[in-house]
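S.K.: Under this note's numbering, the first residue of the sequence shown carries the number 612, and numbering increases by one thereafter.
No lab work stands behind these hints, which were simulated from the structure alone.
We put the CB at the ideal spot given by N, CA and C, even for glycine.
It is possible that some hints are incorrect.
Using C-beta positions, here's what the derived DEER-type ranges look like [what the hints assert, rightly or not]:
hint	residue 1	residue 2	range
1	690	750	44 to 54 Å
2	613	767	38 to 48 Å
3	765	828	23 to 33 Å
4	767	991	39 to 49 Å
5	624	879	45 to 55 Å
6	675	809	32 to 42 Å
7	818	883	21 to 31 Å
8	882	768	45 to 55 Å
9	619	851	13 to 23 Å
10	850	960	44 to 54 Å
Derived DSBU-like pairs: lysine-lysine, alpha-carbon spacing no greater than 30 Å straight-line [to be verified]:
hint	residue 1	residue 2
11	912	765
12	959	990
13	959	826
14	851	765
15	959	851
16	867	959
17	912	990
18	867	765
19	826	990
20	851	912
21	990	888
22	867	680
23	851	826
24	680	765
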Amino acid sequence: GGVLTSAIISAILFWPATHYLFPTGLTIGGATRTPTQLYFASLIGLVMTAVVVAITNYYTSMRYAPVQKIARASETGHATNIIAGLAVGQHATALPVGFIGIAILLSFHFAGLYGIAIAVMSMLSMAGIIISLDSFGPITDNAGGIAVMSNLPKEVRVVTDQLDAVGNTMKAVTKGYAIASAGLAALVLFGSYVEELRAHNVAYAEFHFSLTEPKVIIGLFLGGLLPFIFTAFSMDAVGKAAGAVVREVRRQLQAKPGILTGQDTPDYGTCVDIVTKAALREMIVPALLPLVFVVAVATIKPLGPVVLGGLLVGTIVTGLFVAIAMTSGGGAWDNAKKFIEEGNLGGKGSFAHAASVTGDTVGDPYKDTAGPAINPMIKVVNIVAILIIPIFF
């Protein structure tokens, strides 16, 4: 309801704003775009936001078939839960990417590359309601944790679990929105890279990227590789940090057996310290990876700006698929566990529940670490490529 209301208000206000800012239209590349055409481009961004929210909600909410499919797969074991979760994540890429393609086509039709930029800004105008939805998840999650640590009645935990399930869906929805807007924005940034390259170096004044050029294909391969390497390092970082915490918990349980019965108090601070240090240390390589990739391609003479341009496009394409699959799949895994914990398929303590816990454990780094991080990675790659043009080319 909130998203729809915000979209309607934005659509109403965009009409006078567009006609006020561009009373006689806008001339781009020799073609004049009317205020109405620019307005239609802005509507595409609003529609795209609503579509992404609806699609992500379908794939990650307990009310719909994808999450329930993962829950039913848990009845036959841990492996089938993982297989079903991976499949749901990959299915979840089809509709968003299809609609992103339609949005690019229509917004480009109305106002060229500038129309795509308007559609992106239109999507970003919804940031207020999207951020509020994103905040809902951590709040309800922490409320559940406080309820457990405070030994509140089970009835309280039932309520917080239901809120947490909704929060998981909200987090997945907002990440889907961020990824879709990043995909559109990255296309605009790529256009800026091409224009900046042509303006800075006369040798490329008439250059056009062509798929018949081997260097472009090499760049596409390198760009397609980057999101996979990036997510691999991110997942490794989570695994190492989790392993360190598990070892510390086992050490404390051996030293203080009374922790399990509530007679002894665990040393929470040590675990927090381990996680904090690991988060800072292990993310150094993933954070530097986009920068190193771009600079390396730019500095190697046989590669140069043509390969770098292909790299940008390759990163956008594969990054979009990987990010959507990870965020949607992770959210679906998490809510499949919540679905079982509500008393379905045997409820808590059942074999299906044990398998769903495994899926949830895999899904957490998927939806909270690697998947969302691809969004800024795509933007960093494109922005760094634009910034280094005066230095290397």
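S.K.: Please verify whether residue 959 and residue 990 have alpha carbons no more than 30 Å apart.
M.R.: Distance of about 42 Å is beyond 30 Å: violated.
S.K.: Hinted pair, alpha-carbon criterion (30 Å max): residue 680, residue 765. Please report holds or violated.
M.R.: Given that 30 Å is the threshold and the Cα spacing comes to 27 Å, the pair holds.
S.K.: Is residue 851 within 30 Å of residue 765, Cα to Cα?
M.R.: Violated, because 33 Å separates the two Cα atoms, which is more than 30 Å.
S.K.: For the pair we were handed, residue 959 and residue 826, check the Cα-Cα distance against 30 Å.
M.R.: violated, 55 Å
S.K.: When you check the alpha-carbon spacing of residue 867 and residue 959, does it fall within 30 Å?
M.R.: holds, 27 Å
S.K.: Is the straight-line distance between the alpha-carbon of residue 912 and that of residue 990 30 Å or less?
M.R.: Since the Cα atoms of residue 912 and residue 990 sit roughly 24 Å apart, the hinted pair holds (cutoff 30 Å).
S.K.: Can the suggested window of 45 to 55 Å be confirmed for the beta-carbon pair residue 624 and residue 879?
M.R.: At roughly 48 Å between Cβ atoms, residue 879 and residue 624 fall inside 45 to 55 Å, so the hint holds.
S.K.: Hint check: residue 867 vs residue 680, CA-CA at most 30 Å. Holds or violated?
M.R.: violated, 41 Å
S.K.: Is it true that residue 675 and residue 809 lie within 32 to 42 Å of each other by Cβ?
M.R.: violated, 47 Å
S.K.: Okay, residue 882 versus residue 768 on CB: inside 45 to 55 Å?
M.R.: violated, 22 Å
S.K.: If you draw a straight line from the CA of residue 990 to the CA of residue 888, is it 30 Å or shorter?
M.R.: Given that 30 Å is the threshold and the Cα spacing comes to 26 Å, the pair holds.
S.K.: Could one say that the CB atoms of residue 765 and residue 828 fall in the range 23 to 33 Å?
M.R.: violated, 59 Å
When each numbered hint is compared with the structure, violations occur for hints 1, 2, 3, 6, 7, 8, 9, 10, 11, 12, 13, 14, 20, 22 and 23.
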